[in-house]
Amino acid sequence: MRLVINYKKCRRAAQCSYLHPELFKVGETGAPVVLVEQPGGELRDAAEEAIELCPNGAISFEEEK
Amino acid sequence: MDTIIGADELSTRQVISDPYSAYRQLRAQSPFNYVDFPAGKIPGIETPLRAWALMKYGDVYGALRDHETFSSAGNPLVGKAFPPLVLILDDPPRHTRFRRLVNKAFTLRRIEALTPWISGVANELLDEAGRGETDIVRHYTIPLPIKVIARLMGIPGEDYETFKRWSDAFLSLVTMDNTERMRNIQEALEYFGKMAVARRAHGAEDLITALVEAEIEGEKLEEWEILGFCLLLLIAGNETTTNLIGNILNVLAARPELWQMLRENRGLVETVIEETLRFESPVQRLSRTATRDVEVSGVKIPKGDLVTVFFGSANRDPNEFPNPDEFRLDRDLRNHVAFGMGIHYCLGAPLARAEAKITLNALLDRFSAIKLGGAGGTRQALSSVVFGFDLLPLIFQR
Chain A
1 MRLVINYKKC
11 RRAAQCSYLH
21 PELFKVGETG
31 APVVLVEQPG
41 GELRDAAEEA
51 IELCPNGAIS
61 FEEEK
Chain B
1001 MDTIIGADEL
1011 STRQVISDPY
1021 SAYRQLRAQS
1031 PFNYVDFPAG
1041 KIPGIETPLR
1051 AWALMKYGDV
1061 YGALRDHETF
1071 SSAGNPLVGK
1081 AFPPLVLILD
1091 DPPRHTRFRR
1101 LVNKAFTLRR
1111 IEALTPWISG
1121 VANELLDEAG
1131 RGETDIVRHY
1141 TIPLPIKVIA
1151 RLMGIPGEDY
1161 ETFKRWSDAF
1171 LSLVTMDNTE
1181 RMRNIQEALE
1191 YFGKMAVARR
1201 AHGAEDLITA
1211 LVEAEIEGEK
1221 LEEWEILGFC
1231 LLLLIAGNET
1241 TTNLIGNILN
1251 VLAARPELWQ
1261 MLRENRGLVE
1271 TVIEETLRFE
1281 SPVQRLSRTA
1291 TRDVEVSGVK
1301 IPKGDLVTVF
1311 FGSANRDPNE
1321 FPNPDEFRLD
1331 RDLRNHVAFG
1341 MGIHYCLGAP
1351 LARAEAKITL
1361 NALLDRFSAI
1371 KLGGAGGTRQ
1381 ALSSVVFGFD
1391 LLPLIFQR
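If you read the sequences in order, they're chains A and B.
Its first residue numbered 1, the first sequence is counted upward by one per residue in the working numbering.
Its first residue numbered 1001, the second sequence is counted upward by one per residue in the working numbering.
Among the hints, a few may not be true.
[Claimed, not checked] Distance condition first, Cα-Cα at most 35 Å in a straight line; then the derived DSBU-like pairs of lysine-lysine:
#, chain 1, residue 1, chain 2, residue 2
1, A, K9, B, K1371
2, B, K1300, B, K1080
3, B, K1303, A, K25
4, A, K25, B, K1357
Please keep in mind that the hints were generated in silico from the structure rather than gathered at the bench.
So that you can see chain A by itself, here it is in the shape it has in the complex (with noise of 0.2 Å):
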């Protein structure tokens, strides 16, 4: 699994980089960056509560190909 942001819904409301800041980064464009993609353990549960807070859905775990 892996933690990826759908662009497409992105729009920049910055509430991953600002509250999760372990895990999302503002890149250069504005829009966020993952920093770590298998946040494993406690790290695996503020993903969880950053996809559930981002305001566009746009944050997900993505099934590996």
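On the provided structure of chain A, position chain B as indicated by the hints.
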């Protein structure tokens, strides 16, 4: 022809009810310094409050994303014209802790779960609205958002006229007598204080209970934080959505072919909502304070000065949105700043979008056409912060 508008007229009733011709004339000169708030309206504000107007998309976007330089705290009107408010008039770290707490009440999933209930309220209001020409503001766009936010907060929604009065008073900074304003705000705070006491005694499944029970790093919230947040929710949760839905219906009443398109393809409903957010933004402007000397589009803004970000103007900047004064469904609308951008991004955005979508679908289910009533709409002219209708007579056809 646009009437010529000077920078110091930006907070007049004329510009409040029709801000777009002002933006067209003034955007290219921005940032410029202007009188944001006149002297003598509020005790303690004895000289005019000046601010820097940011009207270009790039400047607005830059300020919203740089919350360290453009602080939301330190507004000179706090304590004079309004009580201290969490979130909207605050910075990290308190803003961060609070946001983490309250975001959980407004997630897409929570709002999705509320949809059947909101839909029920919407249809009930439409049933009661009657036939023929209807003032949709009075019968629908005011009560719906207040009933919804009241339910989330856990307060009775029947008394929505009182809530509307408090909220209008709060926003009518320039236009209402300040003693009258403060009396209304005080009444609201006392009401929420009583609600908080009741929830401490008997909790319920609502936001006020969540607030009185919440602990951030082992500490309970302070009373002013709880009451300030309630006040903020009541205002932000109703005026903005009232104006959004009114603006959407006005756009559609003027475009009968678009109504037909929507009836045939409901997939376009969300696009119409987003384009209306851009085209007639319900929140037109908010204030920031510069925390350091900063240069914006070549203009030096000194540390400590007030800065106004004009969302409404940024959303009509031709450099970001070609032919900005046209309502179009083929734009990339992810960039509009109607809900802001960055850490202060509207907490209620998912709720506002849901209420607008539910409304449009309910009306499209019922009516084959809508058109503007004889007298036409009247724009509100009380608050420079918001843009919407006081009165919007519509005729619905089955």
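So, going through the hints one by one against the coordinates:
no.	hint	result
1	K9(A) <-> K1371(B)	holds (33 Å)
2	K1300(B) <-> K1080(B)	holds (28 Å)
3	K1303(B) <-> K25(A)	holds (27 Å)
4	K25(A) <-> K1357(B)	holds (32 Å)
Taken one by one, the earlier hints all hold for this structure without exception.
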